[in-house]
Amino acid sequence: MAELSPARLRTNSGPGRLLIAVYLLFAIAASSRAALQIATRFDEAPLAYLLSALAAIVYIVAAVGLARAGHAGRRVALACCALELVGVVGVGAVSLARPDLFPDETVWSGFGSGYGYIPLVLPILGLAWLRHTRRRTTAAPS
Amino acid sequence: MTTAATTTGSPADGALAVAAIVLSLLVAGWALVAALRHRPPDRMQLIGLAVLELLLLGLVLVTAVALAGGERPGEPGAFFGYLVTLVCLPPLAAVLARMEPTRWGSAIVCAVCLVTPVVVVRLQQTWQVLGG
Numbered sequence: 017m018a019e020l021s022p023a024r025l026r027t028n029s030g031p032g033r034l035l036i037a038v039y040l041l042f043a044i045a046a047s048s049r050a051a052l053q054i055a056t057r058f059d060e061a062p063l064a065y066l067l068s069a070l071a072a073i074v075y076i077v078a079a080v081g082l083a084r085a086g087h088a089g090r091r092v093a094l095a096c097c098a099l100e101l102v103g104v105v106g107v108g109a110v111s112l113a114r115p116d117l118f119p120d121e122t123v124w125s126g127f128g129s130g131y132g133y134i135p136l137v138l139p140i141l142g143l144a145w146l147r148h149t150r151r152r153t154t155a156a157p158s
Numbered sequence: 037m038t039t040a041a042t043t044t045g046s047p048a049d050g051a052l053a054v055a056a057i058v059l060s061l062l063v064a065g066w067a068l069v070a071a072l073r074h075r076p077p078d079r080m081q082l083i084g085l086a087v088l089e090l091l092l093l094g095l096v097l098v099t100a101v102a103l104a105g106g107e108r109p110g111e112p113g114a115f116f117g118y119l120v121t122l123v124c125l126p127p128l129a130a131v132l133a134r135m136e137p138t139r140w141g142s143a144i145v146c147a148v149c150l151v152t153p154v155v156v157v158r159l160q161q162t163w164q165v166l167g168g
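Protein chains in written order, with the numbering used here: chain A, 17 to 158; chain B, 37 to 168.
Any given hint could turn out to be false.
[As the list claims (entries may be wrong)] Computed far set for chain A versus chain B, every beta-carbon distance over 10 Å:
1. Arg33
2. Ile36
3. Leu41
4. Leu52
5. Pro62
6. Ala95
7. Val102
8. Glu121
9. His148
[Claimed, not checked] Per label pair, the in silico range of CB-to-CB distance:
10. His74/B / Phe58/A: 17 to 25 Å
11. Arg75/B / Val110/A: 40 to 48 Å
12. Val101/B / His148/A: 26 to 34 Å
Simulated from the structure, these hints should not be mistaken for laboratory data.
Note that the structure is a prediction, hence the values are computed from the model and not measured.
For glycine and all other residues, C-beta sits at the position ideal for the given N, C-alpha and C.
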């Protein structure tokens, strides 16, 4: 990131903007899927659909947190990325071990296999990006 | 996927959808090269996104004609969800690319143009009633 001075390297520019874009895409995908599932056939798999809704909210809040880029935004993004990682690994493991609990797919089922495993990679990239920008911003007086 | 989508009557299948998928992948490839060469989004990418948007709006038009003709998608909720999402993707890429005039802007265009063909294919799948 030679084009950015340390003080200007924020979570919402450069690679961070790409990350926000991907988070936005997943926010759209997860929230429209959850809305449709809950509106049309909630009784079939309430747990899976509530998880879809939770995932959608986490993606939206993570995108906002990264885009806001302040101290609070960074903390919000950190919490969301951590929750996402726990969610995708936890739900992925449970969906393989106890498929009967998830009669329908969620974004996080099978470690996000229905979405090219991006849901698994995304929180890791998010955490790496937060760590990377923290190192640069603490080097400069804030 | 496009060769398998030969069901007659589906408006999301024709040459328009194929053209949108091919163009989207071309723009994605072009933007990827630009990102790898540390280039911000160039005119070609924005023109590509504009033409892609026109193709997608054409798809909406063809769908509207089919709906007026009495045809109905297999999964209406999902179909219209995908359709609305689809026409929002190129403008989203263009706006974000303009906000980020670095190589990462090109990377955003590449990412969105990789997602677009997936959404087109999902659109085609939700028109047909999938046997369950």
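Task: Given as non-interface: Ala95/A, which should sit over 10 Å from chain B by C-beta - done: holds (24 Å)
Open item on the list: Confirm or reject: Val102/A is not an interface residue toward chain B, with every Cβ-Cβ distance exceeding 10 Å.
Closed with: holds (25 Å)
Open item on the list: Just to be sure I understand the hint, the distance between the Cβ atoms of Val101/B and His148/A should be within 26 to 34 Å; is that true here?
Closed with: Once the Cβ atoms are compared, 50 Å apart, the range 26 to 34 Å for His148/A and Val101/B is violated.
Open item on the list: If I take the minimum Cβ distance from Pro62/A to any residue of chain B, is it greater than 10 Å?
Closed with: holds (18 Å)
Open item on the list: Is the claim that Leu41/A lies outside the interface with chain B correct, judged by CB distances over 10 Å?
Closed with: For Leu41/A, whose nearest Cβ neighbour in chain B is about 6 Å away, the distance does not exceed 10 Å, so it is violated.
- [ ] Please test the hint of 40 to 48 Å on the beta carbon pair from Arg75/B and Val110/A.
- [x] For Arg75/B and Val110/A the Cβ distance comes to about 44 Å; the hint holds.
Task: chain B versus Leu52/A - minimum CB to CB distance exceeding 10 Å, so not interface - done: Incorrect as stated: the minimum Cβ-Cβ distance to chain B is 5 Å, not above 10 Å.
Open item on the list: Verify this label for me: Ile36/A is non-interface relative to chain B, using a Cβ-Cβ cutoff of 10 Å.
Closed with: Answer for Ile36/A: violated, closest chain B Cβ roughly 8 Å.
Open item on the list: Does the beta carbon distance between His74/B and Phe58/A stay inside 17 to 25 Å, or does it fall outside?
Closed with: violated (48 Å)
TODO: Would you check whether the claim that Arg33/A is not at the interface survives, using Cβ distances to chain B and the 10 Å cut-off?
DONE: violated (4 Å)
Open item on the list: If we take the beta carbon of Glu121/A, is the closest beta carbon in chain B still more than 10 Å away?
Closed with: holds (13 Å)
TODO: With 10 Å as the threshold, tell me whether His148/A passes as away from chain B on beta-carbon distances.
DONE: holds (14 Å)
Consistency note: the structure conflicts with the earlier hints numbered 1, 2, 3, 4, 10 and 12.
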